[in-house]
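S.K.: These are the residues of each chain, in order.
6 protein chains.
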Amino acid sequence: MGTVPLLSDDELSAEARAVFAEIRAARGTDYINNFWRALAHDPATLRATWDRLGAVMAPGALDPLTKEMLYIAVSTANGCSYCIHSHTAAAKAKGMTPAQHGELLAVIGMAMQTNGLVTGLQVEVDEVFKA
Amino acid sequence: MGTVPLLSDDELSAEARAVFAEIRAARGTDYINNFWRALAHDPATLRATWDRLGAVMAPGALDPLTKEMLYIAVSTANGCSYCIHSHTAAAKAKGMTPAQHGELLAVIGMAMQTNGLVTGLQVEVDEVFKA
Amino acid sequence: MGTVPLLSDDELSAEARAVFAEIRAARGTDYINNFWRALAHDPATLRATWDRLGAVMAPGALDPLTKEMLYIAVSTANGCSYCIHSHTAAAKAKGMTPAQHGELLAVIGMAMQTNGLVTGLQVEVDEVFKA
Amino acid sequence: MGTVPLLSDDELSAEARAVFAEIRAARGTDYINNFWRALAHDPATLRATWDRLGAVMAPGALDPLTKEMLYIAVSTANGCSYCIHSHTAAAKAKGMTPAQHGELLAVIGMAMQTNGLVTGLQVEVDEVFKA
Amino acid sequence: MGTVPLLSDDELSAEARAVFAEIRAARGTDYINNFWRALAHDPATLRATWDRLGAVMAPGALDPLTKEMLYIAVSTANGCSYCIHSHTAAAKAKGMTPAQHGELLAVIGMAMQTNGLVTGLQVEVDEVFKA
Amino acid sequence: MGTVPLLSDDELSAEARAVFAEIRAARGTDYINNFWRALAHDPATLRATWDRLGAVMAPGALDPLTKEMLYIAVSTANGCSYCIHSHTAAAKAKGMTPAQHGELLAVIGMAMQTNGLVTGLQVEVDEVFKA
Numbered sequence: 044m045g046t047v048p049l050l051s052d053d054e055l056s057a058e059a060r061a062v063f064a065e066i067r068a069a070r071g072t073d074y075i076n077n078f079w080r081a082l083a084h085d086p087a088t089l090r091a092t093w094d095r096l097g098a099v100m101a102p103g104a105l106d107p108l109t110k111e112m113l114y115i116a117v118s119t120a121n122g123c124s125y126c127i128h129s130h131t132a133a134a135k136a137k138g139m140t141p142a143q144h145g146e147l148l149a150v151i152g153m154a155m156q157t158n159g160l161v162t163g164l165q166v167e168v169d170e171v172f173k174a
Numbered sequence: 044m045g046t047v048p049l050l051s052d053d054e055l056s057a058e059a060r061a062v063f064a065e066i067r068a069a070r071g072t073d074y075i076n077n078f079w080r081a082l083a084h085d086p087a088t089l090r091a092t093w094d095r096l097g098a099v100m101a102p103g104a105l106d107p108l109t110k111e112m113l114y115i116a117v118s119t120a121n122g123c124s125y126c127i128h129s130h131t132a133a134a135k136a137k138g139m140t141p142a143q144h145g146e147l148l149a150v151i152g153m154a155m156q157t158n159g160l161v162t163g164l165q166v167e168v169d170e171v172f173k174a
Numbered sequence: 044m045g046t047v048p049l050l051s052d053d054e055l056s057a058e059a060r061a062v063f064a065e066i067r068a069a070r071g072t073d074y075i076n077n078f079w080r081a082l083a084h085d086p087a088t089l090r091a092t093w094d095r096l097g098a099v100m101a102p103g104a105l106d107p108l109t110k111e112m113l114y115i116a117v118s119t120a121n122g123c124s125y126c127i128h129s130h131t132a133a134a135k136a137k138g139m140t141p142a143q144h145g146e147l148l149a150v151i152g153m154a155m156q157t158n159g160l161v162t163g164l165q166v167e168v169d170e171v172f173k174a
Numbered sequence: 044m045g046t047v048p049l050l051s052d053d054e055l056s057a058e059a060r061a062v063f064a065e066i067r068a069a070r071g072t073d074y075i076n077n078f079w080r081a082l083a084h085d086p087a088t089l090r091a092t093w094d095r096l097g098a099v100m101a102p103g104a105l106d107p108l109t110k111e112m113l114y115i116a117v118s119t120a121n122g123c124s125y126c127i128h129s130h131t132a133a134a135k136a137k138g139m140t141p142a143q144h145g146e147l148l149a150v151i152g153m154a155m156q157t158n159g160l161v162t163g164l165q166v167e168v169d170e171v172f173k174a
Numbered sequence: 044m045g046t047v048p049l050l051s052d053d054e055l056s057a058e059a060r061a062v063f064a065e066i067r068a069a070r071g072t073d074y075i076n077n078f079w080r081a082l083a084h085d086p087a088t089l090r091a092t093w094d095r096l097g098a099v100m101a102p103g104a105l106d107p108l109t110k111e112m113l114y115i116a117v118s119t120a121n122g123c124s125y126c127i128h129s130h131t132a133a134a135k136a137k138g139m140t141p142a143q144h145g146e147l148l149a150v151i152g153m154a155m156q157t158n159g160l161v162t163g164l165q166v167e168v169d170e171v172f173k174a
Numbered sequence: 044m045g046t047v048p049l050l051s052d053d054e055l056s057a058e059a060r061a062v063f064a065e066i067r068a069a070r071g072t073d074y075i076n077n078f079w080r081a082l083a084h085d086p087a088t089l090r091a092t093w094d095r096l097g098a099v100m101a102p103g104a105l106d107p108l109t110k111e112m113l114y115i116a117v118s119t120a121n122g123c124s125y126c127i128h129s130h131t132a133a134a135k136a137k138g139m140t141p142a143q144h145g146e147l148l149a150v151i152g153m154a155m156q157t158n159g160l161v162t163g164l165q166v167e168v169d170e171v172f173k174a
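Chains as they are written, first to last, in the numbering used here: chain A, 44 to 174; chain B, 44 to 174; chain C, 44 to 174; chain D, 44 to 174; chain E, 44 to 174; chain F, 44 to 174.
Okay, chain A solo, but in the shape it has when bound (with noise of 0.2 Å):
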């Protein structure tokens, strides 16, 4: 169990409430996962989680595939397990393969690997590389 209870649909503040109804219209299901449940406690801060997440993980220069999969990298190096599944899952709903699961995993082994070389050898950035 976590550091707050999950919170029931009976449970929630009006303002709580809203937002739970919105996921519900945008995700087309009745079921809230359990992030939601827990930021609930929170309502100002869950509004504003959910309003930006809408944003930034809209379709635009970027597809929603990728987003998901940028989202996946950065969960995992930072360990965060419930954000590693709950992207995946979210990923895997909007059609990646299981071979570009598998490359994904490729790229972020691989980068995980490259920067403990570069910061064990403490290396300077070139020139070149500067904005």
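Put simply, identical chains are the same to the list, so a pair is met inside one copy or across any two.
Heads up, simulated EDC-like pairs for lysine to aspartate or glutamate below, C-alpha to C-alpha not over 20 Å straight-line:
hint : residue 1 : residue 2
1    : K135      : D106
2    : K137      : D106
3    : K173      : D73
4    : K137      : E170
5    : K137      : D169
6    : K135      : E170
7    : K137      : D73
8    : K135      : D169
Keep in mind that the hints were calculated from the coordinates and are not lab data.
The hints should help you fit chains B, C, D, E and F onto chain A, whose structure is shown.
M.R.: The following block gives chains B, C, D, E and F in isolation, referenced to the frame of chain A:
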């Protein structure tokens, strides 16, 4: 300066020299960036890293630009300054637009934020997310 | 289960037993949480950790609740689940309200987000910020 | 230099210009620090970050100085140099004394240490700590 | 459960089957741990990881037990629970004593602590430390 | 420059002066590196850190060079540039050869890579690995 000096072309072992020749051929430029000059102190790791990097970053189920952006995402979460600079330069060379760069950073920031919220709340993984 | 078994009271060295007695006296409870039972395998580290923790977390220029919240902030960024649970419980015991908990998490999330943006942008430190 | 050039006032979009005006008004100074000049390349993220930062860091259940210290704690665990510098400067401007700064760092160091011990021991969470 | 199901021997591709045979021969046991069963979804990464791991962890200028302890140190700083468990078990199998385990954890904890202090203080690197 | 100025010998408190004398005696050099000059602002943390560091890094079940390499491994995973530089210099002073340095970095890179793969796959810990 790093924890090892950067090796000039004159200081390379035969094995490292061979890898540098491959880097130059693959990239179509004589310029070798500092990472490889630092890694050349250990020719076996230089060889293994260059070979694996080529395999991982090649076009496949994911395109090379997407892979560079994933690399940036991991490197940012790990705080590897050199890696961020070098892979941002590589992504721009592969066509990353300012709009894509902006969205990439927005996704990274959003993921970092919800990683923090989820972790602080210690949200348990929903059953539906498990493979 | 951990990488070492948790030691019961019967399995303690004399040095560890003395530390456990101090923990019980300081906290006014017989309950010893798992961290100390695991750490008891190394009595020198158990002693040093307990002594230093007491000095660092004591009231001083910062009050004990603020210190617990700082502990949660660091533990969240590091993804230490046990630490988040134990220090969130400690903070609540020291009076952290749900509103304070919510704001603590909002600050953590915000800091994580701008950490990611700043790092991805590789922003140079303004001269005015240097001591 | 960063992965994007810092924008001067002359290079701002109208949307970024409006945010800069709010920053100047809120802070009572004409100086805009580098983070905002880098973020100005993406006016939507600039706007969202500035708005949310204002809400999160405002006085509430926690006072602004405590929030700045929490920000420093997260930024330190994440190794974000720019963030540490800018929020340490902000904390000093809000009255953080050298003694408070010293205790803040001592708590961060202590938390980092026990995070490492707990994680290396893989201590299981006590039932009593769960919400 | 993970983000992919663990593959049983019956579900392996020919390439993965060959790697599993090598793992069994190298370790003198029929048991294949979960990491390899998860990685088997991507035979190319399975092959590359197994081959490189063998080369890196082989006796050389550093002995295999020292390498396992270094592995634990990195995995602890990264918070990789599975990695800590598997490499602690491997280190014990290679002769790590309880006293060595205790000192390993004490060094990890100390390093974490001074990492936090140094980073919070933003100490500049002494000229004498540069290679 | 850091978040605090480096203290010169003339600016030290009596308590910090005593620690500096011990550092000089223990190391047989008059040179005090920047970490201690920054930490001297908080004499209690200076004293505790110096005392504990001496105990932890002393020869014991692990030799001092192994401990320095473990320190580098943790500091690299945490991205603490100063710590990597200072402990790499210390390891070299204690006899770390270029071949050992190369293998150390290769292990760090390998561990980072499999940390990423394991975390992205969310592999469950095998029962056989639990203590």
